[in-house]
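Protein chains: 2
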Amino acid sequence: MPRKITIKSPATIANLVCGFDILGLALEEPYDLMTLEFSDDYGLKIKHIDEYHLPEKPEDNVAGAALLSLMEAYNKPLGFTLTIDKIIKPGSGLGSSAASAAGGVFAANKLLNNAFTNDELIKFAMNGEKVASGVKHADNITPCLLGGVTLIRSIHPLDVIKLNSPELFITVVHPQIEVKTSDARQILKEEVQLKKAIKQWGNIAGLVAGLMQGDYDLIGRSLEDVIIEPIRSILIPGFDEVKLQCMQAGALGGGISGSGPSIFMLNKNQETALQVEAVMTNIYTRIGIDFKTYVTKLNSKGISIINEEA
Amino acid sequence: MPRKITIKSPATIANLVCGFDILGLALEEPYDLMTLEFSDDYGLKIKHIDEYHLPEKPEDNVAGAALLSLMEAYNKPLGFTLTIDKIIKPGSGLGSSAASAAGGVFAANKLLNNAFTNDELIKFAMNGEKVASGVKHADNITPCLLGGVTLIRSIHPLDVIKLNSPELFITVVHPQIEVKTSDARQILKEEVQLKKAIKQWGNIAGLVAGLMQGDYDLIGRSLEDVIIEPIRSILIPGFDEVKLQCMQAGALGGGISGSGPSIFMLNKNQETALQVEAVMTNIYTRIGIDFKTYVTKLNSKGISIINEEA
Numbered sequence: 000m001p002r003k004i005t006i007k008s009p010a011t012i013a014n015l016v017c018g019f020d021i022l023g024l025a026l027e028e029p030y031d032l033m034t035l036e037f038s039d040d041y042g043l044k045i046k047h048i049d050e051y052h053l054p055e056k057p058e059d060n061v062a063g064a065a066l067l068s069l070m071e072a073y074n075k076p077l078g079f080t081l082t083i084d085k086i087i088k089p090g091s092g093l094g095s096s097a098a099s100a101a102g103g104v105f106a107a108n109k110l111l112n113n114a115f116t117n118d119e120l121i122k123f124a125m126n127g128e129k130v131a132s133g134v135k136h137a138d139n140i141t142p143c144l145l146g147g148v149t150l151i152r153s154i155h156p157l158d159v160i161k162l163n164s165p166e167l168f169i170t171v172v173h174p175q176i177e178v179k180t181s182d183a184r185q186i187l188k189e190e191v192q193l194k195k196a197i198k199q200w201g202n203i204a205g206l207v208a209g210l211m212q213g214d215y216d217l218i219g220r221s222l223e224d225v226i227i228e229p230i231r232s233i234l235i236p237g238f239d240e241v242k243l244q245c246m247q248a249g250a251l252g253g254g255i256s257g258s259g260p261s262i263f264m265l266n267k268n269q270e271t272a273l274q275v276e277a278v279m280t281n282i283y284t285r286i287g288i289d290f291k292t293y294v295t296k297l298n299s300k301g302i303s304i305i306n307e308e309a
Numbered sequence: 000m001p002r003k004i005t006i007k008s009p010a011t012i013a014n015l016v017c018g019f020d021i022l023g024l025a026l027e028e029p030y031d032l033m034t035l036e037f038s039d040d041y042g043l044k045i046k047h048i049d050e051y052h053l054p055e056k057p058e059d060n061v062a063g064a065a066l067l068s069l070m071e072a073y074n075k076p077l078g079f080t081l082t083i084d085k086i087i088k089p090g091s092g093l094g095s096s097a098a099s100a101a102g103g104v105f106a107a108n109k110l111l112n113n114a115f116t117n118d119e120l121i122k123f124a125m126n127g128e129k130v131a132s133g134v135k136h137a138d139n140i141t142p143c144l145l146g147g148v149t150l151i152r153s154i155h156p157l158d159v160i161k162l163n164s165p166e167l168f169i170t171v172v173h174p175q176i177e178v179k180t181s182d183a184r185q186i187l188k189e190e191v192q193l194k195k196a197i198k199q200w201g202n203i204a205g206l207v208a209g210l211m212q213g214d215y216d217l218i219g220r221s222l223e224d225v226i227i228e229p230i231r232s233i234l235i236p237g238f239d240e241v242k243l244q245c246m247q248a249g250a251l252g253g254g255i256s257g258s259g260p261s262i263f264m265l266n267k268n269q270e271t272a273l274q275v276e277a278v279m280t281n282i283y284t285r286i287g288i289d290f291k292t293y294v295t296k297l298n299s300k301g302i303s304i305i306n307e308e309a
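So the sequences go chain by chain: A and B.
Taken in order, the first sequence gives residues 0 to 309; the numbers are from our numbering.
Taken in order, the second sequence gives residues 0 to 309; the numbers are from our numbering.
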C-alpha cells in the first residue's frame with residue numbers, strides 16, 4: 000500500500016444548461032494537483048502552494064472539512080499531510096471547491112485501500128462543499144469523482160448514475176468577475192410555471208437520451224434552459240452575445256457553468272471548439288473584461304493518480 | 000398498392016408517472032381494429048361497429064378529424080371509407096382517442112404509399128385529439144404510431160424521440176368511473192415549487208437513463224411523481240392503496256395512466272404482472288367499483304397491419 004499519492008482533480012461543469020442541480024460533467028483541464036501523505040502525527044495538516052490564500056486550518060478548508068469527515072468515519076485514528084496546488088480558480092464556476100473536496104477524499108481512500116464506496120466519498124466531500132458555499136451540493140463532486148457525465152437523481156437518499164456519452168470537445172471562457180454561488184442561488188424564484196417546468200423536463204430527457212444515443216444534434220437541441228438561465232445570465236456581461244455567436248460558429252450548445260461566471264460550449268470536434276474560443280476571445284476583448292479560455296475535452300475518468308510512493 | 004387495409008391500433012399510457020406531457024408507451028393490448036378502404040366517391044365515410052355510440056360525422060369523429068387534415072394536405076382529391084371497431088373504452092385513460100386518430104392516418108398513409116413522414120402523421124393525428132379533449136396533445140399519439148417508449152422533447156417545433164427500453168410487463172386496472180381529461184387538467188396548479196420541479200427532472204432523467212440502460216431498479220426508483228400525482232390521484236378511489244400494495248407485490252412502479260382513471264404498473268416479468276393484477280382485483284372488488292384489468296407487454300412496434308387487399 001502506498002504512503003503517499005499525488006492526483007489530478009479536474010474542473011467540472013454543473014447543471015449543463017437544462018439539468019439544474021442534477022447534471023454535471025468532468026473536464027480534462029484545468030485540474031488541481033494534490034498530494035496526500037500518511038503522517039506519524041494523528042490529525043490533518045494542510046498546505047496550499049498556490050496563489051489563492053485559502054485557509055489552511057482543516058475545518059475551514061474545503062478539502063480539510065471533507066477529509067475530516069472521512070477520518071471521523073474511519074474506525075482507527077489517522078494522520079495525514081495534504082499539499083494542494085490549486086489551479087482551478089476559486090469562484091470561477093468550474094467546481095474549484097469540489098475538486099478540493101473530492102480530491103482529498105479520493106486520495107485518502109486510495110491510501111486506505113478503498114475502505115469507502117463512491118457514495119460514501121460523495122457524502123464526505125459534500126461537507127467540503129458546505130464550507131465553500133453553505134450548501135451540501137453534489138453536482139460538481141459527482142462528475143469529479145466518477146468522470147464523464149453524471150446524474151444525481153436524488154440527494155436523499157443519494158442516487159447517482161454515470162451516463163454514457165460520446166466524445167465532446169468543450170470550450171470555456173471565464174470572465175474575471177465575481178458571481179457568488181449564494182447570490183446566484185438567491186435570485187432564483189421559488190416557484191416556476193408548470194408550463195416551463197414541462198419544457199425543461201422535456202429538454203432534460205432529450206439531453207440524457209442524446210448523450211446515451213451519441214446523437215449530437217439531439218444534445219444540441221436539448222441544451223435549452225427556460226428557467227434558470229434567463230435569470231442568472233443577467234449577472235454575466237456578454238452572455239447572450241457569447242451564446243449566440245458560439246452557436247453560429249458551430250457549437251452544439253452551452254450556457255452558464257455552475258452558477259457562473261464561466262460560460263461553456265459543447266462541440267463535436269476540436270476544430271469547432273477552437274473557433275468557439277476565438278469568438279469568446281473577440282467578445283471579451285471588445286467588452287474589456289479580463290478573461291481566460293480553455294479548450295478541453297470531456298474527462299471520462301474523473302480524478303486520476305499521477306504518482307504513488309510506498 | 001393495396002386498396003384496403005386493416006390495422007390494430009394499440010392502447011397507450013401517457014405521462015409514465017414523472018414524465019407529464021412528454022413520455023408515453025404503447026401496449027400490446029387492448030387495441031382497436033380499423034379498416035380503411037379507398038372509395039370511388041371523394042370524401043370520407045366513417046362507420047363504428049362498436050358499442051360506444053361515437054359520432055360518425057367525419058369532422059366530429061376523432062379518427063375523422065385526423066384523416067380530414069391528412070386528406071387536405073394531400074395534393075389530390077381522395078375518397079375513403081373507414082370502419083372502426085373500438086375496443087379501447089373511451090375515457091379510460093388508455094389513449095382511446097389517440098388510437099383512433101393515429102390509426103386513421105397510419106392506415107391512410109399506407110394506402111398512399113407512405114406519402115407522409117411520421118412527424119406529419121403525428122401533426123394530423125393531433126387534430127383528432129383536439130376533437131376529443133380540446134387539446135392537441137401528442138403523448139398518446141406518438142407511442143401509438145412509433146411503438147415502444149417515446150419522448151416528446153418539444154411540441155413546437157415537433158421533436159419526438161423513440162427511447163430504447165428493456166422488456167416490460169404491464170398490468171392495468173381500469174376502474175369504471177369517469178375522469179374527464181379536461182377536469183384532470185383543470186385541477187393542476189399553474190405554478191410549481193422549483194424544489195419539486197428539480198426532484199421531478201431528476202426522476203425523469205433517471206427514468207430515461209434506466210430505460211436506455213435496461214436497469215430495472217433505476218426505472219423503479221425513478222417512477223416517482225411529486226407534482227401531478229398528488230393532485231390527480233384524489234380523483235381515483237383506491238389509488239394510494241393500489242399503488243402501495245402493487246409495489247409490495249413486486250411491481251417496479253407505476254401510477255395514473257394519462258389523466259386516469261386507469262392505473263398501470265410496470266413489472267420485470269409476467270409472474271409479477273399477474274400477482275399485481277390479483278392485488279388490483281382484490282382491492283376494487285372490496286371497494287365495490289366495477290373494473291377491468293389487463294396484463295400485457297410493452298408494444299415495441301406500435302400500430303400493426305393485420306390485412307391488406309389489392
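One or more of the hints may lead you astray.
[Said to hold, decoys possible] DSBU-like mimics (lysine-lysine), calculated; alpha carbons at most 30 Å apart, straight line:
| # | chain 1 | residue 1 | chain 2 | residue 2 |
| --- | --- | --- | --- | --- |
| 1 | A | Lys161 | B | Lys188 |
| 2 | A | Lys195 | B | Lys291 |
| 3 | A | Lys129 | B | Lys188 |
| 4 | A | Lys161 | B | Lys195 |
| 5 | B | Lys179 | B | Lys195 |
| 6 | B | Lys195 | A | Lys188 |
Since the hints were derived computationally from the structure, they do not count as laboratory data.
Nothing here was measured: the structure is a model prediction, and the numbers come from that model.
Taking the hints in turn, this is what the structure says about them:
Proximity of Lys161/A to Lys188/B is assessed by CA-CA distance (about 33 Å); at most 30 Å being required, the pair is judged violated. Between Lys195/A and Lys291/B the CA atoms are separated by roughly 36 Å; this puts the pair beyond 30 Å, and the hint is violated. Straight-line distance between C-alpha atoms of Lys129/A and Lys188/B comes to about 34 Å, which puts the hinted pair past the 30 Å bound. For the proposed pair Lys161/A and Lys195/B, the alpha carbon gap of about 23 Å is at most 30 Å, so the pair holds.
Between the alpha carbons of Lys179/B and Lys195/B the distance comes to roughly 26 Å, so the proposed pair stays at or under 30 Å and holds. Between Lys195/B and Lys188/A the alpha-carbon distance is near 13 Å, which keeps this suggested pair within the 30 Å criterion.
Taken one by one, the earlier hints fail for this structure at numbers 1, 2 and 3, listed in ascending order.
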